[in-house]
Amino acid sequence: MNRALFLKQYSPTWLGQIIECHQSLPSTNNQARDLLDQLGSAAHGAVVMAEEQTGGRGRHGRPWHSPRGLGLALSVALWNDGPADRAVCLPLAGSLAVLRALHHSAGLRGRLKWPNDVLVGGKKVSGVLVESRVQGGRPSGLVLGIGVNLLHREEDFPEDLRSFATSVRLAGGRPVTEEAFAASLLVALSPLIEEGLMNPAALVEMASGTWAHEPGDLLDVSSGEEILRGAFAGIAPDGSLLLKVDGHVQAVHHGDVTRVRPGSPRAGMLAKEEKRGS
Amino acid sequence: MNLQDIQKLIAMLEKSNLSELELETGGTKIRLSRCPAPAPAPSPQFVMIPSGGQAPAPQSAPQGLAPPPSSAAPAPAAADASPAASHRARAASEEEVKSPMVGTFYRSPAPGAEPFVKVGDRVRKGQTLCIIEAMKLMNEIECESDGVIVEILTENAQPVEYGEVLMHIDPAG
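In order, the protein sequences belong to chains Z and E. The numbering of the first sequence is my numbering, which starts it at 1 and goes up by one. The numbering of the second sequence is my numbering, which starts it at 1 and goes up by one.
The hints are simulated quantities; they were obtained by calculation from the structure and are not laboratory data. Take the hints with a grain of salt, since some may be wrong.
Said to hold, decoys possible - From the derived model, a few chain Z residues whose C-beta atoms are all more than 10 Å from chain E:
1) L7
2) W79
3) G136
4) A171
5) N199
6) H254
Unchecked claim - The following label-pair restraints were derived from C-beta to C-beta distances:
7) E:T128 with Z:A4: 35 to 45 Å
8) Z:S163 with E:A110: 22 to 32 Å
9) E:K118 with Z:F164: 34 to 44 Å
10) E:E161 with Z:S208: 25 to 35 Å
11) Z:Q9 with E:K118: 44 to 54 Å
What the hints assert, rightly or not - A partial selection of chain E residues facing chain Z, derived with a Cβ cut-off under 8 Å:
12) R122
13) G126
14) E133
15) I141
16) V150
17) L153
18) A157
Glycine is no exception: its CB is placed at the ideal position from the N, C-alpha and C atoms.
Starting from the given sequences, assemble the full structure and let the hints guide the process.
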């Protein structure tokens, strides 16, 4: 990751007052957390990037596969001086920024799988994870972490991921460097983070039309060892998934959409793609 | 349909989580209803299906019903199994650890990993006590003061409401 090349394409605002570019790190999220520990609120807007993570992780400690030179791992340190639940739509801000950067820098149209996986052609191209520390009602540090697959060929993914994962290259996007993608991502991210912290419902509104699910699609949402099954009924203003289960619409706040079956002929093709990619 | 059949139906209804059963056979129609009807929960309950299994009809999986949010009256069976059912006398000095948002409570950093804390553990200010997850926002809830964990009120991987008390800590412990 070439810092000078990146700065030719990105002019730092509040986002990027501190910029760290690394060839390799155990985890960009951990590095951003260290900055928050050292600097507190002064770390707000610090960006940590790496071409390779040796200990990258997703939800519940699942490993995030990011070998050198193929993708981008980017974490932003943020300071939340409001209530902790103000940050609930920040993961969505990250996903929307990836969608915009994919379109702007690679010409690809992606879709969101709830809550915030970015899919292209039904396969996952990017994951977003936000980690925060909360101590009572005190202001707290947050880290918004984004992983994007850029140049992976099929053989670059572990065998068990090949049917679910894709990259900008595999999806037929225009060739894009880590530096160019990172610049595009940060330009998109800056207003989305601000909006996400001020008005989460506006962010959810912006995301409407980008979901991979169609009303009536039958979704399985796994959480722990259990699966909740229901028909997609939309996304609530707080970003939660609305599922119609046994005649009642209920809001789901956590879990992974693991299976999708079409709810209408119009949705059939998309849902089939989704099923392969989930 | 004879009296014995009806008794069987009543027994089936009692064993199930159904509130009402209606059957029409051979020109006879029977409708059984629990009385009084269960109070409606403030939000619809989750119907959970065991992972990897075939989809049973929702009403045939009563044991899979997740406990309702804390504000709802818990079903007796769920209350017996939940640590929240204990009515331990609390010391005045004990501090409550509350959930800062609607989400899911996790006691450990990853499935199968050791819990962050257990009852009886001595904890220090800033130590991670649990995680509340909401839509891939993972909130590590940190201890506000030194003390001893005296009670954990929520089961792992259960939904929690905003402001719900998760643990009690005795700072004097």
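E:G126 as an interface hint toward chain Z, with CB separation required under 8 Å: This interface hint holds because 7 Å falls under the 8 Å limit.
Verdict for E:K118, Z:F164 (Cβ pair) under range 34 to 44 Å: With Cβ atoms ~36 Å apart, the hint holds.
Interface restraint verdict for E:A157 against chain Z (beta-carbon cut-off 8 Å): Holds, because the Cβ-Cβ distance from E:A157 to chain Z comes to roughly 4 Å (cut-off 8 Å).
Verdict for E:E161, Z:S208 (Cβ pair) under range 25 to 35 Å: Given a distance of about 26 Å, which is inside 25 to 35 Å, the answer is holds.
Reported absence of Z:H254 from the contact zone with chain E (all CB gaps over 10 Å): 4 Å, violated
Agreement of hint E:R122 with chain Z interface, Cβ distance less than 8 Å: 18 Å, violated
Chain Z contact restraint for E:E133 - C-beta distance below 8 Å: 5 Å, holds
Assertion that Z:W79 lies outside the chain E interface [Cβ separation over 10 Å]: Given that every Cβ of chain E is farther than 10 Å from that of Z:W79, nearest at about 15 Å, it holds.
Consistency of the no-contact label for Z:A171, given chain E and a CB cut of 10 Å: Holds, since 22 Å exceeds 10 Å.
10 Å cut-off, C-beta based - Z:G136 kept clear of every residue in chain E: 5 Å, violated
Hint validity - E:V150 Cβ closer than 8 Å to any chain Z Cβ: 18 Å, violated
Interface hint for E:I141, Cβ within 8 Å of any Cβ on chain Z: 5 Å, holds
Hint compliance for this structure: hints 3, 6, 12, 16 and 17 are broken, all remaining hints hold.
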